Amino acid sequence: MRHALHAEWTKLRTLPSNLWLALAIAVFTVAATAASTAAVSTAQCPTPLTCFEDTAKLSLKGVWLGQAIVVVLAVLVMSNEYGTGMIRTTLAAIPRRHTVLLTKAAVIVATVFAAGTLGVLGSLAIGGVIMPINGFNPANGYQPLSLLDGPTFRAAAGSVLYLTLIALLALGISAAVRDTAFSITAVLTLLYVVPVVSTFVKDPEWLDRLRRFSPMTAGLAIQATRDLDRLPIGPWPGLGVLAGYAAAAMLLGGVLFVMRRA
Amino acid sequence: MVMTTPYRSSVQNPRDGFVQLMLAEWTKLRSVPRWSLTMLGGILVTILSGMLLAGGAGSASSGGDGATRGISPQYRDAGNYVHRVLTGDGSIVARVASQKNNDPWAKGGLMLRADAKPGAPYAALMITPGHGVRLQANFVTDIPGSSSQAPRWLKLTRTGISVTGFESADGATWTKIGTVELEGLGDQAEVGVFVASPDALQLQRQFGGEDIVENTNLGEATFDNVKVEPAKPQQLPPWRGDIKPVAPDATSFHLVGAGDIAFYHYATDSTKTMLTGAMFGMMAIVALAVLYVTSEYQQGLIWTTFTASPRRGRVLAARAVVLGGVTFVLGLVAAFGTFLLASPMVRKGNAAPATLSDPQVLRAVVGTAALLAVVAVFSLAIASILRRSAAAITVVLLLLLAPLVAGSALPLAVAKWLERLTPSAGFAIQQTLERYDTAIAPLPGLAVLCAYTAVALGFAIWRIGRQDA
Amino acid sequence: MEATIEVRGLRKSYGPTVAVDGLSFSVQPGQVTGFVGPNGAGKSTTMRVLLGLDTPDEGEALVGGRRYRELRAPLCQVGAMLDAAAFHPGRRARDHLLWMAHSNGLPAKRVDEVLDLVGLTSVARRQVGGFSLGMRQRLGIAGALLGDPPMLIFDEPVNGLDPEGIMWIRNLLRWLAGQGRAVLVSSHLMSELEDSADHLVVIGRGKLIADTSVRELLDRAANGRVAVRTAQRHEAMTVLSIAGATVAATGPDSVTVSGLPVERIVTLLTEGGVSFSGISEHRPSLEEAYMELTQHAVEFHATAGQVRSWS
Numbered sequence: 001m002r003h004a005l006h007a008e009w010t011k012l013r014t015l016p017s018n019l020w021l022a023l024a025i026a027v028f029t030v031a032a033t034a035a036s037t038a039a040v041s042t043a044q045c046p047t048p049l050t051c052f053e054d055t056a057k058l059s060l061k062g063v064w065l066g067q068a069i070v071v072v073l074a075v076l077v078m079s080n081e082y083g084t085g086m087i088r089t090t091l092a093a094i095p096r097r098h099t100v101l102l103t104k105a106a107v108i109v110a111t112v113f114a115a116g117t118l119g120v121l122g123s124l125a126i127g128g129v130i131m132p133i134n135g136f137n138p139a140n141g142y143q144p145l146s147l148l149d150g151p152t153f154r155a156a157a158g159s160v161l162y163l164t165l166i167a168l169l170a171l172g173i174s175a176a177v178r179d180t181a182f183s184i185t186a187v188l189t190l191l192y193v194v195p196v197v198s199t200f201v202k203d204p205e206w207l208d209r210l211r212r213f214s215p216m217t218a219g220l221a222i223q224a225t226r227d228l229d230r231l232p233i234g235p236w237p238g239l240g241v242l243a244g245y246a247a248a249a250m251l252l253g254g255v256l257f258v259m260r261r262a
Numbered sequence: 001m002v003m004t005t006p007y008r009s010s011v012q013n014p015r016d017g018f019v020q021l022m023l024a025e026w027t028k029l030r031s032v033p034r035w036s037l038t039m040l041g042g043i044l045v046t047i048l049s050g051m052l053l054a055g056g057a058g059s060a061s062s063g064g065d066g067a068t069r070g071i072s073p074q075y076r077d078a079g080n081y082v083h084r085v086l087t088g089d090g091s092i093v094a095r096v097a098s099q100k101n102n103d104p105w106a107k108g109g110l111m112l113r114a115d116a117k118p119g120a121p122y123a124a125l126m127i128t129p130g131h132g133v134r135l136q137a138n139f140v141t142d143i144p145g146s147s148s149q150a151p152r153w154l155k156l157t158r159t160g161i162s163v164t165g166f167e168s169a170d171g172a173t174w175t176k177i178g179t180v181e182l183e184g185l186g187d188q189a190e191v192g193v194f195v196a197s198p199d200a201l202q203l204q205r206q207f208g209g210e211d212i213v214e215n216t217n218l219g220e221a222t223f224d225n226v227k228v229e230p231a232k233p234q235q236l237p238p239w240r241g242d243i244k245p246v247a248p249d250a251t252s253f254h255l256v257g258a259g260d261i262a263f264y265h266y267a268t269d270s271t272k273t274m275l276t277g278a279m280f281g282m283m284a285i286v287a288l289a290v291l292y293v294t295s296e297y298q299q300g301l302i303w304t305t306f307t308a309s310p311r312r313g314r315v316l317a318a319r320a321v322v323l324g325g326v327t328f329v330l331g332l333v334a335a336f337g338t339f340l341l342a343s344p345m346v347r348k349g350n351a352a353p354a355t356l357s358d359p360q361v362l363r364a365v366v367g368t369a370a371l372l373a374v375v376a377v378f379s380l381a382i383a384s385i386l387r388r389s390a391a392a393i394t395v396v397l398l399l400l401l402a403p404l405v406a407g408s409a410l411p412l413a414v415a416k417w418l419e420r421l422t423p424s425a426g427f428a429i430q431q432t433l434e435r436y437d438t439a440i441a442p443l444p445g446l447a448v449l450c451a452y453t454a455v456a457l458g459f460a461i462w463r464i465g466r467q468d469a
Numbered sequence: 001m002e003a004t005i006e007v008r009g010l011r012k013s014y015g016p017t018v019a020v021d022g023l024s025f026s027v028q029p030g031q032v033t034g035f036v037g038p039n040g041a042g043k044s045t046t047m048r049v050l051l052g053l054d055t056p057d058e059g060e061a062l063v064g065g066r067r068y069r070e071l072r073a074p075l076c077q078v079g080a081m082l083d084a085a086a087f088h089p090g091r092r093a094r095d096h097l098l099w100m101a102h103s104n105g106l107p108a109k110r111v112d113e114v115l116d117l118v119g120l121t122s123v124a125r126r127q128v129g130g131f132s133l134g135m136r137q138r139l140g141i142a143g144a145l146l147g148d149p150p151m152l153i154f155d156e157p158v159n160g161l162d163p164e165g166i167m168w169i170r171n172l173l174r175w176l177a178g179q180g181r182a183v184l185v186s187s188h189l190m191s192e193l194e195d196s197a198d199h200l201v202v203i204g205r206g207k208l209i210a211d212t213s214v215r216e217l218l219d220r221a222a223n224g225r226v227a228v229r230t231a232q233r234h235e236a237m238t239v240l241s242i243a244g245a246t247v248a249a250t251g252p253d254s255v256t257v258s259g260l261p262v263e264r265i266v267t268l269l270t271e272g273g274v275s276f277s278g279i280s281e282h283r284p285s286l287e288e289a290y291m292e293l294t295q296h297a298v299e300f301h302a303t304a305g306q307v308r309s310w311s
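If you're matching them up, the sequences are chains A, B and C in order. Letter by letter, the first sequence follows residues 1 to 262 in this note's numbering. Letter by letter, the second sequence follows residues 1 to 469 in this note's numbering. Letter by letter, the third sequence follows residues 1 to 311 in this note's numbering.
It cannot be assumed that every hint is accurate.
Simulated DEER-style distance windows between Cβ atoms [said to hold, decoys possible]:
1. A:Gly244 - B:Ala451: 13 to 23 Å
2. C:Asp112 - B:Gly17: 20 to 30 Å
3. B:Arg435 - A:Leu228: 25 to 35 Å
These aren't lab readings, by the way, just hints derived from the structure by calculation. For clarity, every value in this text was computed on a predicted model and none was experimentally measured. We put the beta carbon where it would ideally sit given N, CA and C, even for glycine.
Only chain A is shown next, with the shape it has when bound in the complex (with noise of 0.2 Å):
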C-alpha cells in the first residue's frame, strides 16, 4: 500500500499539467471570488444596514469555479491512463485493483486539499480587500472575518472538504465512465446544469427537493453563516448529502473497475 501510494503521488507529481491544475484550482477561486465580491456592494441594498449579506458565504463564493478545476484534475488522474494505456502498466505493476482506486484517491484528496485551502485562504483574504471597499464595513455593521469565528471557521474549513468530495465524485465517476470527455461532462452536468434548470421548477416543493438533493447546491450550504433556518438544507447535512454522491460514485467506480478488464 505505502509503495503504490509512492507511484500513484510520483505519476501525479511528475505530470507537469496537473501542477499547472493544482494552481489553477487555486486561482480560478480567488479570481471568482475577487469578481464576485467586486460585483455586490451595499449601493444594492434599500440601506446599507438592511443588506443582510452573508459575506463569510461571499467570500467564498469562488468555490463554484475552483470546483470545475478539481473536476478536470481528478477525471484526468483516471481516464488518461485509459486514454494512453497507460492503466495496463499500472494494474500489471500493482495488480490489486482497489489498491489502484484508493490510492488514487488519496493522492488526489491531497493535493485538492492543498490546493483548495490555497484558494479558500486567498478567497478570504481578497473578499476581506474588496467587501469592506463596497461597503461591507464596521461602520454599516460588517465586522472583518476572522477565521476564530465559529460559523466562519466552519463556512471556511467546509470548503476546502467540499473540493475534496467534488474530487472523489469526479474520480468515481471517471473510474466508471473511463473515457474524459464523456466524465468531465456528466459531472459538470450534475454540478452546474441542475442548479441552473432547477431555476424554471415553479412547484415549490419540488425546488426544495432539488435544492436538497442536488450536490452542489445542498453542499455549498456549508458556506452559509447566517438565516440558516432559512436554508433548504443545513450546512453539515448539506455536506453529507454531497458526501453521499461521492461514496456512491466511488463505490460505483471501484465494483466496475475492479470487475471490468483493463
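Since the structure of chain A is already known, use the hints to place chains B and C on it.
Using the frame of chain A, we list chains B and C on its own:
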C-alpha cells in the same frame, strides 16, 4: 536503377470538392455507435426533462395565478371598468376627483376599447400617483402627460381608429397628450372609467430559484362630471359595471379595483421552461462535438484525415457544416418533441396556453434547435483550437454555464450584463416573454453566441493550416 | 506526371531538437526504396513533411514534382500508412475506408476491392477496436491503396508483425513496385528490408548516410573478404598475416581474410601445410553492411564540427 513505365491510378475522375468532404465527415460522424447513442440520448433527455419541467410551469407564483384568462401571460388585463357602448366617433370626458395612493402605478381614468373582453385593443388615459398623467394603449404604448395629480380633467376622443388623449385643470382649456391608433377597432366601442392597481410583488432570487409572491392591492378613485359625447346623435345604452351594478345614467362613480392593465414582467415563460430541458441534451452534444475532433488527435487519425484532404481549413469547415446540420435536424426533433409532449403537462392556468401558431413560440422551438447547432459548432471550434478533450469541454461548459450559475447569485444588473456579453446569451432564443430578468432579446442573444462561434471557428481555421498536425 | 518522390535539402526542427538536417534523396518508380535509420533518425519526420503534415524549416519535399498540399484528390496519387493505431476503435473497418473514399470521391466498390486485396473482407463489419496489430496494419495498407496511387509511403509497416505477416508485406511491396509504382518503406531494422528493397536511403541523426542500391551496398561491404574454415585456426592466421593479409577470427574454426585474392590464400595455406575444410568469398548480410555503415556514422558524429562536409 530499374526503369518501368510509370504507374497510373485506375480510379476514374476522383474529386475532392467540398461535397465529398462533407460526405466523408458525415460518414465519420455516423459510423461510431457510441456517438450515435450519445445523440439519441441527448434527444431523449431533452424531451424527458422538458416534460418534467413542464409539470411545474403553469402557475406564475406561489401566490396564485394572477394571469388574465385567455390572453398571453405577458399581459394583465384586469381592474374595475364601468362602460357603455359608443357608436362611431365621439369623446368621453370626466374629472378624476380623488385617487388613493396605494402604488406609484395605481391607475384611475378613462378607457376606450374595442370590446369588454380581456385582451381587446384599448386606449386608456389615466392618472397615477407616482407617474402623473399617462396615455397608454395595447399594453405596450405609454405616452406621458403632465405630472399632475387628482383632481384633474381627462378627455379621450375617437376619430376612426385614432384615439387622442387630453388633460385639463379646469375642464375648459385642454392640453393634448398624444394620439394612438387602435387596429381592429369596430364601429362600436366601449367607453368608460376604470380603476386598476398592480399587485404588490415580492421577489426573491437565489442560487437555483426565484420566488415571486403577489398580493392583491386595491386601488380606489372617485370620478365626477362623467360624460359621453357622441359625434352623431344616438341613444346611449346604460352604464355597465363589471364588478358591481351601477346606476344606468350616473355621472359620478366611486370605483375600487384590483389587478392591472399593463405589460407584465413577472410571467412564467412556460415555453422556455419546457425547452430548458435542452440544456441536458446540449451537454451530450458538447461532449460529442469535442470528441468528434479530439479523438482524431488522440488516435493520430488526424494524419489520415489530412493526408486524404490536405486543405485543412476546408476539412474543418466541412466538419462544422455537417455537425451543425445534423445537430440542427436532431435539435428540431428534440425541440418539437418536447413542445408537443410537454405542453399538455403544463398546469392549466388562466393564461392562454402557448401554441406553435404564436410566432414567438415557434421561434423559441426552432431557435432551440439552432441554439444546439451553434453550440455544437462552437464546441467543435474550441476543440480544434485546444485539441484536448478535458480542456475543450471545460472551457465550453464554463463559457456556457458559468454566467447562468454565477448570475443567479449576483445582483440582477450584473447578472444581466453577464448574460449579454458571454456565449450564454444564446439561451435568450428560448424566451417567448419579456421579463424583469430578460437580459437580451432572442435574436440578438443568439447573434452574440454566433459571433463567438464565428470568431472561434475563424481562428481555428486560420491556425489549423499553419500548425504542424 | 512522373511518379517520383523527392526530398531536397530538407531541414526540420521541433523546438531545440533538429529532427532532419539537410536531407536530400529521391525515390524512383518501379522499385522499393528502403528508408533506414535507427529510431529517432528522422524517418517519420521526413515522411510527415512529404505528406504535408508538417511544414519544413528549409528545403522541400515533393511528390510527383509537387508539394503534397497542392495535390488534388491526393489519395489517387500518394498512398500512405503512418501509424497502424490511427483508427477510431469504435468504427467498423469498412466505415473507416468508406469515409476516406468519400473524401476523394472514390467509388465505394474500391473499398471492397482493397478489403479483398488485404484479406480483411470477412472482418469488414467489425469494429477496429477488436483488431489485432496485424489486422490493423492490413487495414492501414488498405487505406493507402484505396486510390490505387502510383506512389506509396509506408512507415514501419512490419513493426510488430509475425513472420507470416512480414512475408505478406514483403511480397505485397515487391508486387506494388513491380507494377511501376514508387514505394518508400521505412524501417529501423535493416533485416526487415532484406529481400524486399531494391534501393536504400540510410539516415542517422537527420542526415543522409548512404543513398545506394542494395547490390552496391553489399558489394562494397563484402569488399574482397574471404571466409576460411579450418581446424588449425592459429596456424592459418600466422601464415596469412605474414603474407600481408588482415585476418580476423570469426569463430573457433573460421577466420575472415581481407587483402588477398582467393587463389593466393589457397596457395599460401597449402604451402604452409595448413589444412582447411572450406574457403569462400564472404557474403555479408544486409544487416552487417548496415552496421558497418552506421558504425562510420557514429564514429563521425563523435567528432562533431565536420558535420556539413560529410555525406
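Exercise. Should the hint that Asp112 of chain C and Gly17 of chain B are 20 to 30 Å apart at their CB atoms be regarded as holding?
Worked result: holds (24 Å)
Exercise. CB of Arg435 of chain B to CB of Leu228 of chain A, is that within 25 to 35 Å?
Worked result: holds (31 Å)
Problem set entry | Hint check for Ala451 of chain B and Gly244 of chain A - Cβ pair distance inside 13 to 23 Å | At roughly 42 Å between Cβ atoms, Ala451 of chain B and Gly244 of chain A fall outside 13 to 23 Å, so the hint is violated.
In this structure, only the earlier hint numbered 1 is contradicted, and the remaining ones agree with it.
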